[in-house]
Structure formats: C-alpha cells, structure tokens
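Chains as they are written, first to last, in the numbering used here: chain A, 1 to 147; chain B, 1 to 165; chain C, 1 to 402.
Think of the hints as simulated: they come from the structure by calculation, not from any bench.
One or more of the hints may lead you astray.
As the list claims (entries may be wrong) - Covered stretches of chain B (in silico footprint by chain C; criterion: 3 or more residues with CB under 8 Å from a CB of chain C, positions within the stretch not fixed):
id : stretch
1  : 12-25
2  : 39-47
3  : 76-84
4  : 121-133
To be verified - DMTMM-like, lysine to aspartate or glutamate: derived pairs with alpha carbons at most 25 Å apart:
id : chain 1 : residue 1 : chain 2 : residue 2
5  : A       : 121       : C       : 376
6  : C       : 206       : B       : 53
7  : C       : 237       : C       : 123
Stated by the list, open to error - Here are the simulated distance ranges between beta carbons:
id : chain 1 : residue 1 : chain 2 : residue 2 : range
8  : A       : 82        : B       : 79        : 27 to 37 Å
9  : C       : 325       : A       : 25        : 21 to 31 Å
10 : A       : 130       : C       : 182       : 36 to 46 Å
11 : A       : 25        : B       : 58        : 40 to 50 Å
12 : B       : 79        : A       : 146       : 35 to 45 Å
13 : A       : 88        : C       : 123       : 36 to 46 Å
14 : B       : 13        : C       : 160       : 52 to 62 Å
15 : B       : 143       : C       : 383       : 37 to 47 Å
Quick reminder that beta carbons are idealized off the backbone N, C-alpha and C, glycines included.
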Amino acid sequence: MLRAADVERLLAGVDSAEVAEERLGVVARVGRAAVADALAALRDAGFESLVDLLGIDTGEHVEVTYHLRSYASGQDLFVKTALPYDGELESVWQVYPSALMPERETAELFGLRLSEHPNPKRLLTTDGVPPLLRKDVPVRTPEEFTR
Amino acid sequence: MALDRLTGENSILFARSEQLFDFARRKSLWYLAFGIACCAIEGLMHASGPRFDFDRMGVFFRASPRQADVMIVAGTVNRKMAETVRRLYDQMPEPKWVVAMGACASTGGPFREYPNVVLGVDEIVPVDVYVPGCPPRPESVQYAFIQLQKKIAEKAKERVDAARG
Amino acid sequence: MSDPRYEIYEAGLIGEGMHTPPVLPAGLRRAPGGVDGLRTEHLVVNMGPQHPSTHGVLRMIVELDGEEVVTAEASIGYLHRGIEKVAEHRRYDALGTLMDRGDYVAGIMGELAAALATEQLLEVEVPPKANWLRSLTSELNRIASHLVWFGTFGLDTGAMGQFLYAMRDREALLDILEAISGQRMMFNYVRPGGVVRDLPPGIDAKIREFVDTFENVYLPEHDALLGGNEIFQSRVKGIGVITREQALAFGLTGPNLRASGVKYDVRVDRPYAAYPELDFEVPVGEAGDAWDRYLVRMEEMRQAARMIRQCIDGMPEGPHMAKVPKLIKPPAGEVYAAVESARGETGVHLVSDGSEHPYRFRYRGPSLFALQALEEILPGHLLADVVMIIGSTDVMMGEIDR
C-alpha cells in the first residue's frame with residue numbers, strides 16, 4: 001500500500017509539494033512551476049505510466065490532475081496543480097508521451113494556453129468555440145433546443 | 001419478372017421513361033457506408049448483417065458518395081462534422097435522399113444541451129425520412145426505406161400526372 | 001507561369017536527363033538516368049472522416065514517401081458531443097445512459113464504471129447477486145464487443161465473410177442481452193446500487209445453449225476461417241509492433257497492453273463485481289504485433305465464455321438492488337473507479353459537491369491512448385498496413401471524442 005510518507009520522500013527535491021491521503025488515493029499537490037520536476041522524479045521512481053490527465057474547474061482556478069501508475073507495484077498516484085484561468089499549461093510530453101492528446105484537450109476545453117507542446121493545435125472543436133467545460137460556459141436551455 | 005405473367009411472353013411494354021427510372025431507383029437504393037456513431041452499428045452493420053439482410057430489398061452499401069443514392073445519417077453531428085456531412089451530400093449524384101436515423105440526427109438527442117452539437121441534421125441537409133429511437137432497431141431502418149420507396153413512387157406518379165396535364 | 005499548380009514542373013520533378021530525349025533503340029522505353037535519378041516528393045494522404053475502414057469518424061492524415069508512411073497524425077473531434085459536460089447536468093442514476101453512448105459497443109462496462117464511482121461516493125454495499133449479474137452481463141457484452149472488432153478486422157483485411165459470421169453470433173448475443181436488459185445496445189442495466197432487474201425466467205437455458213455453441217462451433221470456426229488463413233497471417237504478423245516500453249509510455253491498457261507483454265487486468269489487479277470469485281486466465285502476448293493482439297482478443301472471448309458458464313452456475317439468491325435513495329445526493333468528494341472494458345481500462349473520475357448533479361465527470365477512454373500510440377508506431381509501415389494496424393488496436397470513436 002502506497003503511503004503519503006513514501007511519496008513525500010520521492011518528492012523531497014521538489015519545492016512546495018504537499019502530499020495527503022485522500023479518498024481518491026495518495027494526492028500530491030505541487031506548484032505549477034514544479035510539475036515537470038515532480039513528474040520526472042516520480043517517473044524515475046517507478047511510476048512509468050500516465051493513465052489520465054484531466055482538468056477540473058473549481059470556480060477559482062483550473063485544477064489539473066495527473067493520474068500516474070506503477071505497474072510493478074500496482075500503485076496509483078494523483079498529482080494535482082492549480083492554474084489560473086487563461087493560464088499556461090506546460091506540456092509534460094517529454095516525461096510522459098501519453099500526455100500529448102489529453103493536454104491538448106484540457107487546454108482547449110478549459111481555455112488554457114499550451115506551452116512547449118509539439119502540436120498545440122485544437123483537438124476536438126473548431127476555431128471560435130468557447131472553452132466548453134468551464135463552469136461559466138452555459139449549456140443550451142430547453143427554449144434553445146426545442147424548435 | 002412478375003410482369004411476364006401478366007402480359008405473356010415476348011410482349012412489348014410501353015411505359016413513360018420517368019416511370020421506368022423510378023421503378024429502378026426504388027428497388028436499388030444504395031446507401032453510403034458512413035457511420036458516425038452508435039446508430040451505425042444497428043443501422044448499417046446489423047441491418048446489412050445476416051439476420052436483417054438489407055440486400056434483399058436492393059439496399060446495399062457503397063463506400064464512395066459518388067455511387068450512393070441514400071445517405072443514412074447515423075449519429076450525432078457536431079459543428080466539426082457538419083461541414084463533412086454537407087460535402088458528402090454535395091458529392092452524391094442526383095437524385096439523392098437522406099434518412100436521419102435516431103434521436104441525435106433528428107433533434108440532437110441526449111446531447112442537445114451541448115453547444116457544439118447540431119440540433120438535427122436537417123439544419124445542414126434536407127431530410128426525407130426521420131427514424132425515431134435511440135438507437136432505432138434495424139427493422140425501423142428497413143421500415144424507413146419502405147417509406148422512402150413509397151415517397152419516390154408518389155413523386156413519380158405526380159410527375160406523370162403533371163405531364164398528362 | 002506563376003501559378004502554384006505549375007511549380008512542380010519548374011522545380012524539376014522530372015529528372016535532369018529527361019529534358020533531353022535520348023535516342024533509344026526501337027521498342028525500348030526507360031528513364032535514361034535510372035529510377036534513382038527521378039526526384040519524388042512526399043504525398044499527404046487524407047483518410048476519413050468518411051472512410052470505410054477507419055471504424056467511425058476517425059481521420060488519419062498520413063504523409064507518404066512512395067508507399068511508406070513517414071508521419072501520421074490523427075485528427076479527432078468529429079464525434080465530440082460533450083458527454084463530460086452534459087453529465088454535469090444529469091442526475092447520478094442517469095450517468096449510465098451517457099456512458100452507454102460513449103463506448104457504444106460495450107455499454108455495460110461503461111455503465112458499471114459510472115455506477116462503481118457513484119457507489120464509492122455513497123459508500124453503498126452492493127448485494128452479491130447484483131455483483132454476479134454485473135459480471136455475467138459484462139462478459140456477455142465483452143464477447144459482443146470483440147465480435148464487432150473481429151468482423152471489422154476481417155473486413156479490413158478483405159475477408160467479407162467474417163463480418164457476416166460475426167454478426168450472426170452477435171445477433172444471438174443481443175437477443176440474450178435484450179431479454180435481460182430490454183434494449184439491444186443502450187442497455188441502461190447497471191445502476192448505482194445494483195442492477196435494474198433480475199434475470200428473466202428461462203434465460204439460463206438460452207445462455208447455456210449460446211455458450212455451448214459459441215465455444216464448440218462458432219469460435220473454432222472463426223479461428224479456422226480467419227486465424228488459420230495463411231493470407232491473413234502473413235498480413236498481420238510482424239506489423240504494428242508496440243514494445244513494452246512504448247505501451248507503458250503511451251498509457252495503453254487492456255488487450256493492447258497485454259499483447260505487449262504487460263500482465264495487467266483490472267479484473268485481477270483491482271477486482272470489482274464478482275471477478276474475485278471467478279476462475280479465469282489473463283492471456284498475455286509477447287511480440288506486441290497485430291497478430292498478438294488478435295490472439296489475445298480471441299483468447300479473451302474464450303475466457304469470457306468460461307466465465308459466463310460459471311456465473312450461471314454460481315448465481316446466488318437474494319436481492320439485486322441495494323437500498324439507494326431515489327434522488328442520489330452523495331457527499332462531497334472525489335473518487336476514481338475503473339473497470340476492464342473490452343478495449344482497456346474505462347475509468348470514471350467523479351467529483352461531487354453534495355448536490356444531485358456531479359460537479360465534474362471525467363470519462364477516461366482507453367481508445368484515446370491507443371490512438372496516440374498509433375501516431376508513434378505507424379511511421380515505417382506501408383500504407384496498406386495502416387488500416388490493419390488501426391483495426392488491430394480496436395479503437396472506438398465514441399470514447400475517443402466523448
């Protein structure tokens with residue numbers, strides 16, 4: 001069983017990292033400047049696969065979650081960081097290539113800018129579509145979709 | 001052909017060309033193999049599979065829009081897809097028909113709230129037959145084709161009547 | 001001539017020697033400078049979104065040097081319909097209907113992932129019978145899903161007959177699933193707290209009959225007709241190799257990961273439903289090529305048939321639904337639940353704020369990650385193999401675009 005203390009030891013070299021055991025599992029919260037370092041350290045420690053990458057609009061900022069997994073020990077780990085709206089999402093594709101498309105998707109649907117990404121184009125929608133997964137973008141009302 | 005039995009062997013039939021063409025069109029509606037979403041599994045794959053056997057109605061799939069008569073819009077169309085649907089429709093030769101299969105193609109279906117989804121494919125292309133259901137059963141699609149055949153026959157009759165004056 | 005269309009003539013696409021027609025002996029036609037002397041250019045070929053073998057609305061943009069793929073890019077989003085956004089405006093018991101339409105060939109597994117996540121939030125214990133029913137329907141659906149893959153993979157190789165045989169088997173399966181759940185494809189059978197209804201009377205015999213025929217007649221038939229076909233084997237063996245390292249780096253799961261030699265199966269490593277009590281094997285490949293992916297999936301169908309028989313034999317008595325309030329309002333929290341769907345790990349990352357609607361609903365589809373790996377492994381293959389490799393990874397556009 002993965003303990004918070006183990007992850008804290010792995011992230012010793014990364015500044016402003018807080019590790020806690022939550023309902024989700026072990027969650028490490030790092031500052032947005034330290035994400036690449038933290039992920040590189042964790043990958044070297046055996047978390048060889050990025051299973052998922054998602055954004056959550058908390059109402060104050062966009063929280064980006066990296067879901068890591070080590071197949072050797074069967075452990076999952078969640079790394080979270082907070083980005084301001086219209087902030088910059090720094091690509092981690094050099095550490096985890098599987099981040100390529102989820103990053104494009106998250107940046108597009110939450111209105112973030114991608115940096116250091118080899119292909120920072122839109123992925124799912126056409127130009128001019130607002131960041132749809134943000135809470136301030138409403139869905140259609142019944143008046144709009146009934147004809 | 002059954003006509004043989006009515007008129008006897010080696011007989012000569014007189015018909016208006018419109019009527020003949022429409023007879024042929026009605027019995028060989030080739031559809032475009034173009035599945036967008038879930039409905040494609042039911043409406044294109046299962047309907048042409050061994051149990052429902054679309055071929056016996058003269059309905060067969062074509063991979064190219066240039067050879068197709070009918071477009072079955074089987075699935076949700078979003079803003080990115082809309083352009084492609086329209087372009088495929090424009091590529092099909094006249095006369096051509098469109099079947100909007102399922103709730104998504106008819107009205108936007110379960111995803112109608114999402115701003116990126118087109119509220120029914122009739123905003124992009126003219127639709128001849130709507131098929132309700134999510135997804136409709138293969139039988140419904142076959143029924144839609146029977147309705148389409150009726151529609152074509154009626155059109156032909158109208159034209160012939162108009163020509164007679 | 002400043003027209004860009006004529007630039008290729010000015011740029012000397014035709015080799016130097018061609019400009020001065022040489023005197024050739026009568027009857028001989030050849031490029032005097034040799035073929036190497038001809039200058040060629042890369043060709044960009046667009047496949048899709050309407051293409052008979054891209055399995056839905058996938059669009060691959062492939063750059064070719066002759067017949068060899070130099071780079072490949074997947075352009076997706078043609079089926080993006082906002083499952084994640086719409087889910088924020090649905091109640092918890094209706095999440096399954098959206099998951100059905102995500103991975104539309106393996107609906108039960110998607111529903112199960114959403115139900116497991118909701119149950120984690122609610123901290124509900126599911127009655128044993130519901131667990132067994134969930135496993136039973138999941139495995140039935142797994143065979144149905146693999147049969148679609150099998151049929152379309154056959155079509156990709158040019159074996160039209162396979163598709164018809166696969167559809168024949170699938171019809172028999174859909175009859176059973178329809179009798180259990182009431183719908184052929186969008187089952188909406190698994191709900192938070194259990195399953196919506198018990199097995200109808202007399203279905204046991206029908207399932208047993210199907211499994212017997214499937215194991216003894218259909219599956220050997222498929223194996224002999226497609227897998228035993230020499231043309232098929234020479235077309236799939238050795239192409240589309242995904243190494244173990246690549247599979248891990250690109251986040252592959254499910255049969256694609258196992259074909260590359262990583263023995264990871266959610267059913268075994270993070271058991272859910274009745275899988276801890278079932279006896280089954282997890283097939284693992286070695287080379288990670290298209291042929292291994294074929295073998296792994298065929299073996300999975302065999303194991304699924306085994307599990308179905310065990311589920312019917314060992315089905316416990318009791319209620320099929322736990323006590324769950326009509327209007328589900330789980331406490332605030334964040335959970336992740338995963339199931340082994342037919343394509344890999346289908347996960348649901350659910351954030352609740354205590355209201356009746358989810359705050360954030362993330363659908364982790366395994367096909368998205370398989371598609372990313374395709375961009376990496378396609379270069380170096382021939383154009384004709386591109387279709388085969390896409391077919392072998394069994395990508396499903398519904399869960400890629402969501």
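Verification of the supplied hints:
no., hint, in the structure
1, 12-25, "violated (count 0)"
2, 39-47, "holds (count 5)"
3, 76-84, "holds (count 5)"
4, 121-133, "violated (count 0)"
5, A:121 - C:376, "18 Å, holds"
6, C:206 - B:53, "24 Å, holds"
7, C:237 - C:123, "47 Å, violated"
8, A:82 - B:79: 27 to 37 Å, "31 Å, holds"
9, C:325 - A:25: 21 to 31 Å, "27 Å, holds"
10, A:130 - C:182: 36 to 46 Å, "38 Å, holds"
11, A:25 - B:58: 40 to 50 Å, "58 Å, violated"
12, B:79 - A:146: 35 to 45 Å, "20 Å, violated"
13, A:88 - C:123: 36 to 46 Å, "39 Å, holds"
14, B:13 - C:160: 52 to 62 Å, "37 Å, violated"
15, B:143 - C:383: 37 to 47 Å, "40 Å, holds"
When the structure is compared with the earlier hints, violations turn up for hints 1, 4, 7, 11, 12, 14 and for no others.
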